[in-house]
Amino acid sequence: MSEILYEAPKTLEAAVALLAGAGGQARVLAGGTDLLIQMRAGRVVPGLLVDIKGIVEMTTIVAENGGFRFGAAASCMELVEHQAFAREWPGVTDAVKLIGSVQVKGRATVGGNLCNASPAADSVPALIAAGAVARIVGPGGTREARVEDIPAGPGRTTLADGEIVVSLFLPPRPARSGDAYLRFTPRTEMDIAVVGAGVNLTLDETGVCTHARVSLGAVAERALLVPEAAAALIGSKVDEGALGRLAAAASAACRPIADKRGTREFRVEVAGVLARRAAGIALDRARRKG
Amino acid sequence: MDTKVIKPEAEGRGDRTLKIVGTSPVRPDGVPKVTGLARYGADYALPGMLWGAILRSPHAHARIRSIDSSKASALPGVKAVITSADFPEQKYEFVGPERVAINFWHMTRNVMAREKVLYEGHALAAVAATSKIIAEAALRLIEVDYEVLPHVIDVDEAMQPGAPLLFEDMITRGIDPPPNEASNIAKRIEFSIGDLDAGFAAADEIVEMNFKTAPVHQGYIEPHACLARFDNKGQGEIWAASQGHFVVRAFTARLLDMNIGDVLVHPAEIGGGFGGKTVIYVEPLAAALSRKSGHPVKIMMSREDVFKATGPTSGASMTVRIGVKRDGKLVAADGVFKFQAGAFPGSPVMNATMCGFAPYNIPNVRSVGYDVVCNRPKSAAYRAPGSPISAYAVESVMDAVAAKIGMDPLQFRLVNACRTGTPTVWGPKHAHDGCAETLKALLAHPAYAAPLGRNQGRGVASGFWFNNGGESSATVHVNEDGTVVVATGSMDIGGSRASMAIMAAETLGIEYEDVRAIVADTASIGYTHVTGGSRVTYATGIAVVEACRKVITELCARAAMIWSVEKDQVSWEDGSARRAGAGKHEPLSLKAIAAKRALTGGPIGAEASVNAGGAAPGFASELCDVEVDTETGSVKILRFVVAQDVGRAIHRSYVEGQMEGGAVQGIGWALNEAYVYDDAGHLLNAGFLDYRIPVASDLPMIETVLVEVPNPNHPFGAKGAGEVNIVPVMAAVANAINNAIGRRMTELPMSPPKVLAAIHTAPGK
Ligand SMILES: Cc1cc2nc3c(=O)[nH]c(=O)nc-3n(C[C@H](O)[C@H](O)[C@H](O)COP(=O)(O)OP(=O)(O)OC[C@H]3O[C@@H](n4cnc5c(N)ncnc54)[C@H](O)[C@@H]3O)c2cc1C
Numbered sequence: 001m002s003e004i005l006y007e008a009p010k011t012l013e014a015a016v017a018l019l020a021g022a023g024g025q026a027r028v029l030a031g032g033t034d035l036l037i038q039m040r041a042g043r044v045v046p047g048l049l050v051d052i053k054g055i056v057e058m059t060t061i062v063a064e065n066g067g068f069r070f071g072a073a074a075s076c077m078e079l080v081e082h083q084a085f086a087r088e089w090p091g092v093t094d095a096v097k098l099i100g101s102v103q104v105k106g107r108a109t110v111g112g113n114l115c116n117a118s119p120a121a122d123s124v125p126a127l128i129a130a131g132a133v134a135r136i137v138g139p140g141g142t143r144e145a146r147v148e149d150i151p152a153g154p155g156r157t158t159l160a161d162g163e164i165v166v167s168l169f170l171p172p173r174p175a176r177s178g179d180a181y182l183r184f185t186p187r188t189e190m191d192i193a194v195v196g197a198g199v200n201l202t203l204d205e206t207g208v209c210t211h212a213r214v215s216l217g218a219v220a221e222r223a224l225l226v227p228e229a230a231a232a233l234i235g236s237k238v239d240e241g242a243l244g245r246l247a248a249a250a251s252a253a254c255r256p257i258a259d260k261r262g263t264r265e266f267r268v269e270v271a272g273v274l275a276r277r278a279a280g281i282a283l284d285r286a287r288r289k290g
Numbered sequence: 001m002d003t004k005v006i007k008p009e010a011e012g013r014g015d016r017t018l019k020i021v022g023t024s025p026v027r028p029d030g031v032p033k034v035t036g037l038a039r040y041g042a043d044y045a046l047p048g049m050l051w052g053a054i055l056r057s058p059h060a061h062a063r064i065r066s067i068d069s070s071k072a073s074a075l076p077g078v079k080a081v082i083t084s085a086d087f088p089e090q091k092y093e094f095v096g097p098e099r100v101a102i103n104f105w106h107m108t109r110n111v112m113a114r115e116k117v118l119y120e121g122h123a124l125a126a127v128a129a130t131s132k133i134i135a136e137a138a139l140r141l142i143e144v145d146y147e148v149l150p151h152v153i154d155v156d157e158a159m160q161p162g163a164p165l166l167f168e169d170m171i172t173r174g175i176d177p178p179p180n181e182a183s184n185i186a187k188r189i190e191f192s193i194g195d196l197d198a199g200f201a202a203a204d205e206i207v208e209m210n211f212k213t214a215p216v217h218q219g220y221i222e223p224h225a226c227l228a229r230f231d232n233k234g235q236g237e238i239w240a241a242s243q244g245h246f247v248v249r250a251f252t253a254r255l256l257d258m259n260i261g262d263v264l265v266h267p268a269e270i271g272g273g274f275g276g277k278t279v280i281y282v283e284p285l286a287a288a289l290s291r292k293s294g295h296p297v298k299i300m301m302s303r304e305d306v307f308k309a310t311g312p313t314s315g316a317s318m319t320v321r322i323g324v325k326r327d328g329k330l331v332a333a334d335g336v337f338k339f340q341a342g343a344f345p346g347s348p349v350m351n352a353t354m355c356g357f358a359p360y361n362i363p364n365v366r367s368v369g370y371d372v373v374c375n376r377p378k379s380a381a382y383r384a385p386g387s388p389i390s391a392y393a394v395e396s397v398m399d400a401v402a403a404k405i406g407m408d409p410l411q412f413r414l415v416n417a418c419r420t421g422t423p424t425v426w427g428p429k430h431a432h433d434g435c436a437e438t439l440k441a442l443l444a445h446p447a448y449a450a451p452l453g454r455n456q457g458r459g460v461a462s463g464f465w466f467n468n469g470g471e472s473s474a475t476v477h478v479n480e481d482g483t484v485v486v487a488t489g490s491m492d493i494g495g496s497r498a499s500m501a502i503m504a505a506e507t508l509g510i511e512y513e514d515v516r517a518i519v520a521d522t523a524s525i526g527y528t529h530v531t532g533g534s535r536v537t538y539a540t541g542i543a544v545v546e547a548c549r550k551v552i553t554e555l556c557a558r559a560a561m562i563w564s565v566e567k568d569q570v571s572w573e574d575g576s577a578r579r580a581g582a583g584k585h586e587p588l589s590l591k592a593i594a595a596k597r598a599l600t601g602g603p604i605g606a607e608a609s610v611n612a613g614g615a616a617p618g619f620a621s622e623l624c625d626v627e628v629d630t631e632t633g634s635v636k637i638l639r640f641v642v643a644q645d646v647g648r649a650i651h652r653s654y655v656e657g658q659m660e661g662g663a664v665q666g667i668g669w670a671l672n673e674a675y676v677y678d679d680a681g682h683l684l685n686a687g688f689l690d691y692r693i694p695v696a697s698d699l700p701m702i703e704t705v706l707v708e709v710p711n712p713n714h715p716f717g718a719k720g721a722g723e724v725n726i727v728p729v730m731a732a733v734a735n736a737i738n739n740a741i742g743r744r745m746t747e748l749p750m751s752p753p754k755v756l757a758a759i760h761t762a763p764g765k
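First to last, the sequence lines map onto chains A and B. Residues 1 to 290 (our numbering) make up the first sequence, in order. Residues 1 to 765 (our numbering) make up the second sequence, in order.
Next comes chain A alone, as it looks inside the complex:
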């Protein structure tokens, strides 16, 4: 019967070295709320687990250059209970809050949510809309990548062998900015997004939208950044007309599969509905930050 080794390095360098030495047989272990389930189902059979929760820069949340940097292995509960962060990024916070139950969030991490590369991962569309940038280390050194460039398809990322997402950086926010994330699930909790929509926008003094990012989850092989949907908002006062165009652009960007969780038509239609509703919430939040 096969053996699994477990290591809990205290530094990034040690973690990178362990992964590099394992010849592709190693897996990063964060909260394990995806990985352990996949192992029990026999879908993943690692030879080495590298637990990264003991690495300081991967578990801390800090202010940086007017923005926030949080460790990819900080637990979701630590993130949602961080009040300054939640004030600045209520949409990202809402998305992280949706992950599982309180107990699951006590273990789960945003890094795991991203690197597990489920198209339905809740935090990812919110992070993409927020313009989050990931810091990545690996055998080749350190690099930065936008969150939308990391998932490649169900269970696949663009990370090279042995690379670790260390932290995520959320940029400083101009005044009158707001973000929101909504997902559709048949149940209110403990469910998986059939559609997810993240919207982040900034208004000028007159209430005209100057900047927007829109991202959709669970409607393609990975979370999508939808510039056409954002374009529908930019330059508008986010009125009914703009929201209608946003919804249409969001629906048009979907390329979902039909599966046990929803039909194609349903996902396409509801993606527009959720994008519109999320934009409405983001708008309210931006106005309140006037």
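Misleading hints may appear alongside valid ones.
[What the hints assert, rightly or not] Derived DSS-like pairs (lysine-lysine); straight-line CA-CA distance at most 30 Å:
#1 B:Lys754 - A:Lys97
#2 B:Lys292 - B:Lys329
#3 A:Lys260 - B:Lys596
[What the hints assert, rightly or not] Which residues of chain B face chain A? A few of them, derived with a C-beta cut under 8 Å, are:
#4 Glu631
#5 Thr632
#6 Asn672
#7 Val676
#8 Leu684
#9 Asn685
#10 Asp690
#11 Ser697
#12 Asp698
#13 Pro700
#14 Ser751
#15 Pro753
#16 Leu756
What the hints contain is simulated information worked out from the structure, not anything from laboratory work. Think of the CB as a built atom: it goes at the ideal place given N, C-alpha and C, for glycine as much as any other residue.
With chain A's structure known, arrange chain B with the ligand on it following the hints.
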């Protein structure tokens, strides 16, 4: 929770005031359960124990050409491998009452496939090894040569001529003369009264609709698990969670060709069953592996196994037609109910045909049922088996009929409600009231008059369930200190230890805390039928009270001896023996008599075994308010009220719990629960993530109205309370959705994509 109790009639039972019955004392199973001390099926272990694992079919339908287990047997650590060859063939015959008939030829094939595998997950071999990992590795070494066959799952498709046949020689029962051709239709049943054509001819309005329901699983939280220790001489013991350890004993003994007395079954604590644990799966396999290996063997199912290989209830296809006079009097009703039996005959369709129209007085009725096999796990009982399915169709049509004649849907039902003396479609007349009382309770409930907002709707529906009596045994023993042990053969699945203790304490006149209720194993108490059919509080309750009365007679005799008076000079009142004519002696308490037991004849105790007749059916009427998100099709349950005739609540909060639980399970059935199959007949959602039973935040607090129309045949008036609560739920939700958006949902589940699609169609059809 604020509960209403309605007692529509003065109690005819001597009007003595009850001290404990109807209250909610601390439940005896509570502390062990929340502290983790309770021992469930999976919690038992023995020295030298092996782990059993089961090889399951990857195909929905295939002939087994051969099974080669030689490599598995050779794997170090493997101690036994079994296949159907290790079980004797059974005679092909249906035994027992038709409604719940059993055919052991089918049962042995369901626990271990023989000629064919009939559903994905069907067991066809099992291994016992020194570890779980070795047992599972051994399964991968078993080579099976399958001839994959076309399969059929949908009930309408399975009934088509030319559909793939599960049993190439099965001729439909219940048709005279029998058909010449084999088909998947195992049985046809028909009940009728009156003259259907004349009834419809006299109707002012007629509504006919077609319905489909998805099969749903009971969703008990505890997967099936057992430990078996058998010797090769033909004696053995099983520890298992089930809804009836006597039935586990009988079935296992039969499948292993053993004497019933040579099998001893210990009841483990049970983590839910809802009907699904009235049958056996792992027990005979663990027993056979143990017999073969000479070691104790433990088998635990995974959640995936539970979904793929244990009994859900049927999916159905139904047509219901109802005719009514303009004044609201029902004149005719016709129903055709086609049920998926799963891989072997025995869907609850007969119940469905009987229960569907049972709440109403309709002079002309026909009710036809088809029991249809298909490539899914064999259906098992689920809470009022069959009745919720036909009620969904009937109560939806009732709603449409009421709308058509412009009558309030509750008033409409009340006008037609059955009463004592109303004929049933299956023959006998109703012998109890209760239906009208639940309707009146709902009419009077403030929820019925509460205003509704935009996209909100209200629906109501009613339902019937037989409830049951039957065989039960109980013993009552007075301990040395005057406390009392009550033992029964009824698995405690819904609070029976609490209610037995209450009934014993009430009868004996002692404190509830002085009574300890336990569930005895199959060798320590007389035969007791399953905990199912809402029968335990009724039948086992009667046995407990009877045993208590015998104990009282004995206590009085002992008091007479102590006082040196004739027995008839002593009566039992308020927990003490009292001397007639009073004054002469202080009353002797149970404790005082217990202290003198040795001097007066030894230990005091009694046993009672009954076959309780006279069970009274349950009725429920329910109200549901929903809000529909018209852009996503999502349905939110805003309010849900259950008015149920429980006869008499013995342990009040347990009864409320039953009512709440039935409503919640029905809401899941209504909105989201369904099995999803791919084209090859593989189940795609064998887990609680994608098989969506409701979570707490999906639900409002369920409001309960306990209607108490006592059953005179029970010492305290109890009727069963566990099942009828689920019967009206899906129809109540569907009627509420119709009220909110003007679309009648005729297919379950009413999931968001389906509701959204309906919203895109023209309203009011
Ligand atoms: C009951 C339950 C409910 C759930 N509900 C939701 C939900 O509502 N929404 C949702 O989106 N998800 C949900 N999930 C899934 C899961 O909890 C999340 O995806 C979670 O964020 C995963 O984080 P983790 O730390 O547990 O990841 P892990 O399981 O530890 O890792 C996941 C994958 O990412 C890799 N990985 C982890 N961290 C890194 C890193 N820093 N660098 C590189 N690779 C890394 C791992 O090797 C692994 O392949 C649920 C899970 C459960 C069990």
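Each hint, compared with the structure:
1. B:Lys754 - A:Lys97: It holds: about 28 Å lies between the C-alpha atoms, which stays within 30 Å.
2. B:Lys292 - B:Lys329: violated (65 Å)
3. A:Lys260 - B:Lys596: violated (69 Å)
4. Glu631: holds (5 Å)
5. Thr632: holds (5 Å)
6. Asn672: holds (5 Å)
7. Val676: Holds: closest Cβ of chain A sits about 4 Å from valine 676 of chain B, inside 8 Å.
8. Leu684: holds (5 Å)
9. Asn685: holds (5 Å)
10. Asp690: With a closest approach of 6 Å, the aspartate 690 of chain B hint holds.
11. Ser697: holds (4 Å)
12. Asp698: holds (5 Å)
13. Pro700: This hint is violated: proline 700 of chain B lies away from chain A, its Cβ roughly 12 Å from the closest one there, beyond 8 Å.
14. Ser751: Result: holds, 6 Å to nearest chain A Cβ.
15. Pro753: holds (4 Å)
16. Leu756: With a minimum Cβ separation of about 6 Å from chain A (threshold 8 Å), the hint on leucine 756 of chain B holds.
When each numbered hint is compared with the structure, violations occur for hints 2, 3, 13.
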